[in-house]
Amino acid sequence: MKSSRLTLVGLLLAYGVIPLTLGQNNYVMSLIIASLVIGGVALAWALLGNMGGMVSFGHSAFFGVGAYVSAILAMKAGVPVALAMVLGGVGAFAASLVMLPVLRLRGPYFALAILAYAHIFKIVATEWESVTGGAGGLASVPRFPVLFGFDLGSKLGSYLIILSVVLIFVVAYKWIRSSYYGLALRAMHDSEDATRVVGVNSTLLKALMLFVSAFMTGVVGAFNVHYINFLEPDYAFNGLWVTLPIVAAIFGGYRTILGPLIGAVTVYLVDQLIFKNLIPNGHQLILGALLVAMIILSPGGLLPLLRQRKRSQHHAAS
Amino acid sequence: MKAFYQKLGLTAVTALALSAQSAMAAEFLVGAEIPLTGNLARVGSGMNEGISVAVEVFNKTNAKHKIKIITADDESAPAKAIAAVEKLAGQGVVAITGGYGSNNIAPASDAANKLGLPYITSGGVDDALTKRGYKTFFRINNTQGYQKAVVGLLGDMKVKSVSIIYLTKQATGDLAKDVQKELEGKGLKVGTHAFDPAITDFKPIINKVKLQDKSEVILMVGYENDYVGILRAAKVLKPDVKAMVGVWSLATPKMAAEFPDLMPSVYGTALLPFPAEFKTADGKLFADTYKKLYNKEPDYLGQFGYVQSMLLFEAIARAADKATLSKGGIAQELSKTSRDTLIGHVVFNEQGDNPNFVHRMGQHQAGKINIVWPADAATGKINFPGVPW
Amino acid sequence: MLELIAQALYSGVLQGGSYALIALGLALVFGTMSVINLAHGELVLLAAYIAYTVESRLGVNPVLAIPLAMGVVCLSAMLVYALISLIRNDREINTLILTYGIGIILTNGVLLLWGADIHTTSSAWLQDAVVVGPLYSMHSELLFFVVSVVLMAGLWWWLSRSWYGRAVRAVSSNRDAAKLMGINPRLTEIISFAVAGLLAAFAGVALYSYGVIQPSYGHVLTVKAFIITVLAGIGSIPGVLVGALLLGITESLTVTLASSALQELAGMTLFLLVLFVMPNGLFGAARRRG
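In order, the protein sequences belong to chains U, D and A.
According to the working numbering, the first sequence is numbered sequentially starting from 1.
According to the working numbering, the second sequence is numbered sequentially starting from 1.
According to the working numbering, the third sequence is numbered sequentially starting from 1.
Next comes chain U alone, as it looks inside the complex (with noise of 0.2 Å):
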């Protein structure tokens, strides 16, 4: 079972080699610990585009509302953080309920609509100082607690935290997938009507779909601010929640289960490594590059495409 085996690889390398020769530079965890917060996000939207077919361009909403949710039961009602970070995936649940009238629209409109829902919560997290400290935000948000001797707020433990709820996410994804569910959803997609002939419930299906994406969403986001310790309306529905997500996701591979989690963590890397020193001030137009370059050459993302290439180039040889 070859996947198997890479599957140990990569969990080795993720938990053991990383940590071990990476740990102690601040700098870069910093960078991977961001990219895998772009990677959940990522898993997340392609997760709803996939198996619920609707594009959303206002992820940043349950992020934020996410990140919100968090903090406040962490600072005003002293929840612990790790059960802040679930009821702040349980928040951005509450907020994909508001969501609901939209689903029965078509793709455009979706996703636009679900645009108008993160700037509707920006608007009312900045203006309900009393809960959410208005445009100033929340500083000094409550970080990892200790466990064990071991202090999870560090840059190694905030790593550990955020790769383990990747996994688990895309643990979760896969078992979807290939449940009852996965298999009625994908039957949607190429005939929406014969499924509900055969008594398929396609908006409750993708209603599902929608929990599942903004509960994931939101818990990332409820990690980032319990990482940063700090919280404020723009930084919370940033735009950039939902712009790096969508790169990463196309260009990693936008219909599998990994590939958006691979795309954040390269597409992340290399912006910051190395297009941010090619072009300081407007480094993302690269970033708008490769979405464009991706979704005409390869809608698929990277994967498919090299595969593609793999294959010719087998064809060739025989």
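A hint or two may mislead.
Straight line, CA to CA, 25 Å or less: simulated BS3-like cross-link-like pairs of lysine-lysine [what the hints assert, rightly or not]: (1) U:Lys76 / D:Lys131; (2) D:Lys135 / D:Lys254; (3) D:Lys322 / D:Lys296; (4) D:Lys114 / D:Lys135; (5) U:Lys276 / D:Lys68; (6) D:Lys279 / U:Lys76; (7) D:Lys368 / D:Lys254; (8) D:Lys214 / D:Lys181; (9) D:Lys284 / D:Lys60.
Bear in mind the hints are in silico, worked out from the structure with no lab data behind them.
Dock chains D and A against chain U, hints included.
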């Protein structure tokens, strides 16, 4: 396995070498965490220029110790600000100067404090910054300084009613509310109007001021594009006011050059007049070096960047002389600062704040900027009442 | 109070006219190709920056920049069309993401070329006030409101009377039947994009004349244009004007009666309301949903 031990050994040797170097050499690495990209890029580059001038002046006037600056871009974002501080720490800096925007300075100085690095800034006036109990955080300006200047100017004008139009961000909102409280305490009638950063058409607000408030003075608290929008709307609606007063980023040569028809008689906070005249030797050295490096007149950002960095470098030099560098000496020396600078006499209190800070008010007059408040720093007569239309 | 509301309505109507100009290009392309060009706002912004360059370099009234803006923006619109036509599968979704990426390229391109500073016209005439009774406005606002209405009338006439206009409508309702009738769908699509570019050019110069521009503004314009397109309903030109006026007035009244901090909130809420209650917009032809 062998490769691993080799790597370990190499890392250990490098670490030893680096630490030895920082104790003996007369050159000190200082980190500059600045927004060079993002929406604070313009103010960041202004501050950066001031820091570079400080490096040049310090190295020239100080034979024994030299400073080298490493700059890290914080992209006007809180998370990147933390990353920038950590990157600089990893490169072996002994202190950090820079930072703009309380939203970025808060997490950045948090990170600096955790790493034991002193952090000095002029870009964060938010009150919360000095309430954290950090011994490593220092700033040379604060909201109170702006408040004193504005209230002082309004007092000189002897007006009875003011309308405050302010942006709903932390720094601007806080200043607006503080000024409102103080003015109302003095018996003035104050009307307040908040606006969102997305607003571009200020006519409805100006109309409200004109028809409902009927105030004598309009106070604008926002950033450059807000001032432009408000002044344009006022030019169209022509409310019956005697003065248009703003705060930071308004009484600058840049605004005078780019929007000459909107600026006449408008007031804003300004450290020095334009064209600048420096009376002290310190000031002349600053202006000359600035001209030499950047071929232009210094502005308030450069001035602030210069002052904060000079204070830091001098503290580093003193700590090096007393050999207390590794024992938190820089922070200790900074807290003992008591020096006349371009912005007045600077001392730091327990919280790292500069309680002496009082800004000055300038007015655009015929393409130049004259200081009109306080009276002892005035370079020209106040043109009151006066509006751009 | 009455004076305040009157001014708010007046300003809102003028602003709505300009919004309509911005939204028209997006609505046209959406109506004919069922494609949302998320880079439309950036095209408008590009025209605005060209107006700035013309005014600051040549020292003339920015209105004279319109021909140059038209050229550049139409060319860019053609480029966008060329890229869109390269997409094979999942046209709707992939086009959305593609134009999103193009928007990012344009925004950052503008940032690189012109810097992050804000700009607005320095022409005194454009900024001077026009007073009609108790109502105030700037010359530029009135001028471009009139321009907007004229262009809209022209577009409406063109779509209903001219050969190409009717071809555009034919293609949008049934592409294959149109081909059978001898219409080249590609040509009509190219023409729609070109016309959209033309409209964007006018909108951009107008924006520079009455408002303040900065690189990040492109995205904001696209969102506003989309909101108005949804309000209008697909395939309705008069609907765009009504939708734009509605948005302008809503924003203006919110600022005057409530707080200006809520202006954006009002626009977004209006948008969502229409989506829930009337997904086909105010004037839209009935189309299949979901």
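Taking the hints in turn, this is what the structure says about them:
no. : hint                : verdict
1   : U:Lys76 / D:Lys131  : 19 Å, holds
2   : D:Lys135 / D:Lys254 : 37 Å, violated
3   : D:Lys322 / D:Lys296 : 38 Å, violated
4   : D:Lys114 / D:Lys135 : 11 Å, holds
5   : U:Lys276 / D:Lys68  : 23 Å, holds
6   : D:Lys279 / U:Lys76  : 53 Å, violated
7   : D:Lys368 / D:Lys254 : 11 Å, holds
8   : D:Lys214 / D:Lys181 : 19 Å, holds
9   : D:Lys284 / D:Lys60  : 14 Å, holds
Hints 2, 3 and 6, counting from the list given before, are not met by this structure.
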